[in-house]
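*Asks:* Given these sequences and hints, build the entire structure.
Keeping their order, the protein sequence lines are chains L, X and Z.
Heads up: the first sequence at position 162 corresponds to 162 in the numbering used here, and the numbers run straight through without jumps.
So the numbering used here is basically just the index in the second sequence, starting at one, shifted up by 1000.
So the numbering used here is basically just the index in the third sequence, starting at one, shifted up by 2000.
Among the hints, a few may not be true.
Said to hold, decoys possible - If you want the ones that stay clear, here's a sample from chain L, every Cβ over 10 Å from chain Z, calculated:
#, residue
1, Thr74
2, Arg141
3, Thr197
To be verified - Below, simulated DMTMM-like cross-link-like pairs (lysine to aspartate or glutamate); rule was C-alpha separation at most 20 Å, straight line:
#, chain 1, residue 1, chain 2, residue 2
4, X, Lys1167, L, Glu263
5, Z, Lys2169, Z, Glu2158
6, Z, Lys2169, L, Glu263
7, X, Lys1234, X, Asp1158
8, X, Lys1117, L, Asp261
9, X, Lys1205, L, Asp150
10, X, Lys1167, L, Asp261
11, X, Lys1114, L, Glu263
12, X, Lys1167, L, Glu75
13, X, Lys1205, X, Asp1154
14, X, Lys1114, L, Glu75
15, X, Lys1117, L, Glu263
Simulated from the structure, these hints should not be mistaken for laboratory data.
Glycine included, each C-beta is placed from N, C-alpha and C at the ideal position.
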Amino acid sequence: MTPPTPPRKGGAAVGPAVGPAAGGRPRRRRAARGGAPLPLLVPALIGLAFLVLPLVALLIRAPWASMPELLTSTEVWQALRLSLICATAATLVSMVIGVPLAWLLARVEFPGRGLVRALVTLPLVLPPVVGGVALLMALGRNGVVGQWLDTWFGITLPFTTAGVILAEAFVAMPFLVISVEGTLRAADPRYEEAATTLGASRFTAFRRVTLPLIAPGIAAGAVLAWARALGEFGATITFAGNFPGRTQTMPLAVYLALQSDPEAAIALSLVLLAVSVAVLAGLRDRWMTAS
Amino acid sequence: MTRSARRTRRTSQLAGAGVAALLALSACSSSDSGSDAGSGSDTGSGSGGSDKVSGTVNVFAAASLTESFTELGKTFEKEHPGTKVVFNFGGSDSLAAGITGGAPADVFASASPKTMKVVTDADAAAGTPATFVRNRLEIATLPGNPDGVSSLKDLTGDDLKVVLCDKTVPCGAAAQKALTAADLKLTPVSYEEDVKSALNKVVLKEADAAVVYKTDVQAAGDKVEGVEFPESAKAVNDYPITLLKDAPNSAAGKAFMELVRSAEGQKVLTGAGFTAP
Amino acid sequence: MTENTANTANTESSESSESSESTEDAGTTEKTEAIEKTEGTAADGLDARLVVERGAFRLDVALTAAPGDVVALLGPNGAGKTTALRALAGLVPLSDGHLRLDGAELDRTPPEARPVGVVFQDYLLFPHLTALDNVAFGPRCQGVSKAQARAQAAGWLERLGLAEHAGAKPRRLSGGQAQRVALARALATRPRLLLLDEPLAALDARTRLDVRAQLRHHLADFEAVAVLVTHDPLDAMVLADHLVVVEDGRVVQEGAPSHIARRPRTDYIAHLVGLNLYRGRAEGHTVRLDGGAAITADEELTGPAFVAFPPSAVTLHRERPTGASARNLWRCEVAGLETHGDRIRADLAGELPLAADLTTVAAAELGLHPGVTVWATVKATQTHAYRD
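*Replies:* Here it is, written out as structure tokens:
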């Protein structure tokens, strides 16, 4: 499943990508005509077409006639609701543990930091299905840690909504960590020093100085993570299974619809796309007005 | 991902674009699709009509045929030197979608007549598909059957974690048919996207039981234990096979189908748990 | 007629012309002196020997100061001044030595628990907070309630003449304003040791004069120890009453600014601190000094002022020059002579104590030796007067 927003390096996702303001559009076009050299312009346009064409094809082939009927189906709304809840929860989980991890990687020197950084990005290269299997091995009923969760606390994660959130967070968190770490590296660590000379503990310095400074990077990372979590399929279905209302998110519904009714699958994908575009655009507008 | 990406590129007709894009969305899921669909498929064309068989045969086959077809592929390559059998194993429906979308394939072996109908309806099959094996359902339990499962009814209790295939895939449809025949209501913890992932949940001991095909239980060896149940007779799955109209290498495709339906082929298939038609 | 022809480049930022062949033995002597002095210091104020080892670099600097003192660490870039400052703040751990402030051991105290305030070179005002909240940050961290911290911060901003900028974010402040906010922020924690890292380096030349004058007054008002780091001898001499010259991680000389200017121990210091600096009251072109002498300056000012000129601007004569165009003429006695390369710096006593640079040839022609009376002239155009 391709995430709606392509992963970008570092924390640059939101800053430079902020859409053109009302007045900026004509200026930009003039600049492109006068200034953009062809060796850049041509591949840029090909790149744009490459990303947009499949989506356009999806729109062209969409079964518009059967859309209304589909959109009134409770299963669709159930899956959509679950998708939004789980993606948001996974993003929050990623933020709560991912931001401190990014801080650790960016600010604390410890032996094997390079290795740890590589490990953090591992879920990015791991096929999601393998990620799901790995999660089962670790947190499944019979997993390395999961068996203790089961015997001590009676907690089993597979086949639960919590399992979906976990699987999505596993796949999405690296995007947040990388983005936040990049922002932290770019941010001047001496602000933290300045805060400590003013009597702030390292945690207070982080909370009151660093966190506000890297907020744009966190936001960018959170958007990437959210988008990735929303589109997550492989790890989710492997770790949490597929049960309507509990673990069946939109990508799972799309995939299974594809087995029997490709038209319905296209329609479902469009719903997912429309919702994610609406949310991402809404967030971007909010930041634009805030900054 | 590579498979569908390539397919997207190859698909010249716009007809397939929508489906191909969808496949791109879902392709990461087909865990068992390691095979490379396109490679060298064009090289074998042109030898149609001749008895001499050469080049690459592209076989799209249901995931449950993985073990037996892989073995038959080796036999085929041995019997016809200079040939190479390239398999694309996957859910029958995705395979059918790929074929109607223009994916280059010579032979299609489906796990259900329903998906085969998708291909014949699209006028993509050459000739009439024929059933070459049947598959029955079985209950896969943990090794040693610790929960003492002996019937389909035993699965309906609350204390067991049971996984079924999703209704949209053949093994799920068959399971529903069996449950209806037995007049049972079963709420699983998950409707898995294909039979292999349903089985894997038991192999990994995340689920206590799964309703899967006999062939899958057999392929899993001693990682699961199979329990037969009488209602499975009501949900026998026919596997049809056909040569495809746009086959790049139809001669070799035909030869492969002959091997599948020969006594030798049937021996391999029944050895894997299938029953002869 | 003997004219000394030394170059006039070594006035303000003499850093670039620093000579690296520092005399090592001189430095060692000074250091030993410093350590001896450390051992005999009273409980109040700063008493530190800062040893920081980082790879091949070793910083070993002893510093002592009484409350109210302003100490300047002067030296070229890379000399270890900033490291020393960071060690005082606790941002760099000491490899060896000790750090006592008002009798309390601080070497193991984390930076947030030290009664130390820092004004960083580029101020490091928190960009997301207003000037007021920047200043209130320290009191807040010390457990003061939000309202009270803000009230205190408002008081500090008021005192530094920034009341109307309380609500401004740092990026909307000018360099001089930002510097004062940074000072207010550091002072708001009521530190017993105030550290300033190149406090004027980030400012343009025009702002610099004003800010330097203001900073001098604020430092004079500050009741505890202040240590500032600078590579600019003029800043050091205007702001501090005690100079510590650091080179290559070691103290090469220390003492009162005027003393060091007149009796540099090394060539490097001679270049670095080559400056005659006086304080007085300006009246038009004349600056009348507290000691009675008067200097005619190029600038026209009224009120308290500084006037400075480099030793190379001084011309020495054996006889009182007649018809000389220089309006600044003083009778002096040679108190000492120091050779630095091909130059000699003369320490002159008299109605205006001053330092003069001349070539060895000129010194020989004049027959200079301690006790000789000479006439010193300085052209008004070579002096530089500015408001105190």
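*Asks:* None of the hints should be skipped; say for each whether it holds.
*Replies:* Right, here's what the structure says about each hint:
1. Thr74: holds, 45 Å
2. Arg141: At roughly 46 Å from the nearest Cβ of chain Z, Arg141 (chain L) sits farther out than 10 Å, so the non-interface label holds.
3. Thr197: Answer for Thr197 (chain L): violated, closest chain Z Cβ roughly 4 Å.
4. X:Lys1167 <-> L:Glu263: holds, 17 Å
5. Z:Lys2169 <-> Z:Glu2158: holds, 17 Å
6. Z:Lys2169 <-> L:Glu263: Between Lys2169 (chain Z) and Glu263 (chain L) the Cα gap is close to 55 Å, so the pair fails against 20 Å, i.e. violated.
7. X:Lys1234 <-> X:Asp1158: violated, 25 Å
8. X:Lys1117 <-> L:Asp261: Roughly 13 Å between the alpha carbons, so the hint for Lys1117 (chain X) and Asp261 (chain L) holds.
9. X:Lys1205 <-> L:Asp150: holds, 13 Å
10. X:Lys1167 <-> L:Asp261: holds, 12 Å
11. X:Lys1114 <-> L:Glu263: holds, 17 Å
12. X:Lys1167 <-> L:Glu75: Distance of about 14 Å is within 20 Å: holds.
13. X:Lys1205 <-> X:Asp1154: Status holds; Cα separation ~18 Å.
14. X:Lys1114 <-> L:Glu75: Answer violated: Lys1114 (chain X) to Glu75 (chain L) is near 24 Å, above 20 Å.
15. X:Lys1117 <-> L:Glu263: holds, 17 Å
Consistency note: the structure conflicts with the earlier hints numbered 3, 6, 7, 14.
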